[in-house]
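Heads up: the protein sequence lines correspond to chains A and B, in order. FYI, in numbering that gives the first Met the number 0 the residues of the first sequence are 0 to 246. FYI, in numbering that gives the first Met the number 0 the residues of the second sequence are 0 to 57.
Which bits of chain B does chain A cover? Going by a derived footprint, with three or more residues having C-beta under 8 Å, they are: (1) 19 to 33; (2) 36 to 48.
Capping the alpha-carbon separation at 30 Å, the derived lysine-lysine pairs in DSSO-like fashion look like this: (3) A:177 to A:117; (4) A:88 to A:235; (5) B:38 to A:235; (6) A:177 to A:50; (7) A:13 to B:38; (8) A:88 to B:38; (9) A:50 to A:117; (10) A:13 to A:88; (11) A:13 to A:235.
The hints are simulated quantities; they were obtained by calculation from the structure and are not laboratory data. Just so it is clear, the structure is predicted and the values come from calculations on it, not from any experiment. Note that CB positions come from ideal geometry on N, CA and C, so glycine has one too.
Each chain, letter by letter, is given below.
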Amino acid sequence: MASWQWFHRLGSPKWLSGTIDRWLPWVLGLGTLLLLVSAVWGLAFTSPDYKQGNSFRIIYIHVPTAIVALAAYYVMAVAGAVSIIWRMKVADMVLRAIAPVGAALTFLALVTGAIWGKPTWGAYWIWQDARLTSMLLLFFLYLGIMALHDAYQNSATGNRAAAIMSLVGTVNIPIIYKSVDWWSSLHQPATLKFTEESTIATEMLQPLMLAIPGAYLFFIAAVMLQLRVQIARNEKNTRWMAERAAQ
Amino acid sequence: MYFNNLAELWEMAGHGPYVWSAFAISFIVLAAIVVIPAKRYRQQLAQIHQQQRNTQEK
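Excised from the complex, chain A in its bound form (with noise of 0.2 Å):
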């Protein structure tokens, strides 16, 4: 059947770079092509906040970075679960290859957050914030399973282990997001919303409709070039391999 096709490929490390190869022009393109646009846009061209002023102008960074860093901790995650139920190499690929990605993302929302605080609250940082507090979470978890990855001389328990990790963490995910409502904080409650219409400016809005799109395949490429490396370290001895770095 097709779908089962679909999902023997995907197992392959020899299709999946190939399909890499094909696409990354498109998706690094396109994603960087969107946050170009969206950051020009939101940087010269919107009106400034008539509280925070100009610095809000931070939000097309800090919003989309800190939304994919979320996101691509889910993915991470499930990609434990195939590893850990199926014993699917690609999968412990896959995880190898977000970590980095995830970690670099939640860095930036963490830094920009913290540049945008300054002027906005007069802190950088404050411990007693929840959102701050299980974001820097999310940041040490995805450096704990990068650690794991190289901690072991058998790459397969590092593996085991990091796929584990990566499950046990998905509970600081509902945390961060919802910590704003649960718990008083600093930092602002959500004003994009899915149900309702979002509260934040039409204005203000429109270039983070293109970032938040633009980060995601940004992310995609970024996950995309480090899936590349593990599949050539993985099959570096294969007859595929050798003839794809002879061309």
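Please build the complex by placing chain B on the supplied structure of chain A, with the hints as guidance.
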């Protein structure tokens, strides 16, 4: 453009250092996350190719 000239764009009414440092750091990190694995893959291909040639010469 919202700002009247490039000087104002740079200054951002006093928020310039915050906005531009945030965007600069982001640009650097996002560029790194693409460039580093791309370079690594090229290295890997070169290594594999070299190994192929070594075993063929024997």
